[in-house]
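Trainee: Sequence:
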Amino acid sequence: MKKKVKLGLYGCGNRTRALLDSLFLDEEYDVVAAHDIRGESTEAACRKYGGKACATSEELVAHPDVEAFMISLDPFAHPAAFHETLEAGKPIFVEKPIAMSARDAYDMMVAAESRNIPAQVGFMRRYRPKHVAARAYMAENDPGTLFSVNCRWFHAGETEMINMLTNHPDNFRLKVSQIPFHCCHALDVMMLYGGAVKSVSAVGRKVIERPYPSPDEVIATLEFENGCMGSFHYCSVSYAGCIAYRVHTGNYTLSFEAGNSLTISHRPPLRSLREDGSGDCRPLYHGCIAPETRQFSVKTVDHLIMLDFLNSVRTGAPMSAPIRAGYRVAELAEAIERSWQEKQTVQLPLTFDPEVNAD
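Oh and the sequence shown: position 142 is 142 in the numbering used here, straight run, nothing missing.
Read the hints as simulated data drawn from the structure, not as lab findings.
Some hints here could point you the wrong way.
What the hints assert, rightly or not - Under the rule of at most 20 Å between Cα atoms (straight-line distance), these lysine to aspartate or glutamate pairs were calculated in the DMTMM-like manner:
#, residue 1, residue 2
1, K175, D142
2, K6, D107
3, K206, E223
4, K175, E140
5, K48, E87
6, K6, D308
7, K299, D26
8, K2, E87
9, K175, E217
10, K6, E87
11, K206, E160
12, K198, E223
13, K4, D65
14, K4, E209
15, K52, E40
16, K198, E158
17, K6, D74
18, K343, E217
19, K343, E158
20, K4, E40
21, K2, E40
22, K3, E58
23, K2, D30
24, K3, D65
25, K48, E27
26, K6, E59
27, K198, E209
28, K90, D30
29, K6, E43
30, K299, E275
31, K48, E292
32, K6, D26
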């Protein structure tokens, strides 16, 4: 029988509950301890999932039965909680974004890696079946040259602003830009396909006066280390929302539009399928592109995220979304923000004060 992992919860809010609920009946974990700054949240979590309600974070971290920790808090609180939890020397799951600044994220990465403590980041969209299928397809079918990775993230930002002001006026969501917060998922996906980013050049606008830190519009051009190019287009004043990606390679284009579909459009593989000696090759050429659309029905991936983390804790296998990925995303988000605000190209990797951030 599979051994259940004994978890300590640092934060008992909605995201923690969603992750736990995804495997609630599947004998994958036991909650043995929990702490939340809101005592009622701690008590509610322990009533449902079991475990000791810890009055302080120190009590949680010192609990002898915990085998792995889950941290899900206001992202401004993640760095301090992460460093505190590292003292226990046990695997950690930390929700995205791991920090609201690249500097804090860098410190977290260095601290975990220097102690060889495995940590996984809660990036959700990389687990979507369409991206899992696309990456498997690329591994099995030579893409040729990788030309570009593109993302559009459009939404009506004022809906979140209105809801927060109405229901939770002190919520951190009114203090953060969406680019490092929600869009971290998209930046993670872009780097899954494109690899490490070398430079960022962005333009943006923020002309609407409102209590919402996100820019109105940003278009960022990315240069990847492998020569691939990328574009990230964010808009918080869109009334036709979408989150969509395209990956252009020498042999095919991968398209991910809204929903759970993946479309693969192929370059005709043979010369005789690309040209026929006529004055117009387009009917033949486009007739042989043969777009192939795959539809996926899974709407939640929380169980996949949890299974991945728990299996790594059990086996010691590397975390699939490690703390270094969390830092790279925070770094890219900050580079995009800095580039459009300062009106200059930002080179990566970012550099920090060596006296503070020493390897």
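Trainee: Now look at each hint and say whether the structure bears it out.
Mentor: Against the structure, the hints:
1. K175 to D142: violated (44 Å)
2. K6 to D107: Cα-Cα ~27 Å, so violated.
3. K206 to E223: violated (24 Å)
4. K175 to E140: violated (43 Å)
5. K48 to E87: violated (28 Å)
6. K6 to D308: Answer holds: K6 to D308 is near 15 Å, not above 20 Å.
7. K299 to D26: holds (19 Å)
8. K2 to E87: Not satisfied, since the Cα-Cα distance of roughly 28 Å exceeds 20 Å.
9. K175 to E217: holds (17 Å)
10. K6 to E87: Status holds; Cα separation ~17 Å.
11. K206 to E160: Holds - the C-alpha atoms of E160 and K206 are around 17 Å apart, at most 20 Å.
12. K198 to E223: Roughly 5 Å between the alpha carbons, so the hint for K198 and E223 holds.
13. K4 to D65: Distance ~12 Å between K4 and D65 Cα, so the pair holds.
14. K4 to E209: Between K4 and E209 the Cα gap is close to 51 Å, so the pair fails against 20 Å, i.e. violated.
15. K52 to E40: holds (13 Å)
16. K198 to E158: violated (33 Å)
17. K6 to D74: The given pair, whose Cα atoms are some 24 Å apart, is violated under the 20 Å limit.
18. K343 to E217: Since the Cα atoms of K343 and E217 sit roughly 14 Å apart, the hinted pair holds (cutoff 20 Å).
19. K343 to E158: Violated, because 26 Å separates the two Cα atoms, which is more than 20 Å.
20. K4 to E40: Violated. K4 to E40 sits at ~26 Å, over the 20 Å cutoff.
21. K2 to E40: violated (32 Å)
22. K3 to E58: violated (27 Å)
23. K2 to D30: holds (12 Å)
24. K3 to D65: Holds. K3 to D65 sits at ~14 Å (cutoff 20 Å).
25. K48 to E27: holds (14 Å)
26. K6 to E59: Distance of about 16 Å is within 20 Å: holds.
27. K198 to E209: Distance ~33 Å between K198 and E209 Cα, so the pair is violated.
28. K90 to D30: Cα-Cα ~16 Å, so holds.
29. K6 to E43: Holds, because 18 Å separates the two Cα atoms, which is no more than 20 Å.
30. K299 to E275: violated (42 Å)
31. K48 to E292: violated (45 Å)
32. K6 to D26: Distance of about 14 Å is within 20 Å: holds.
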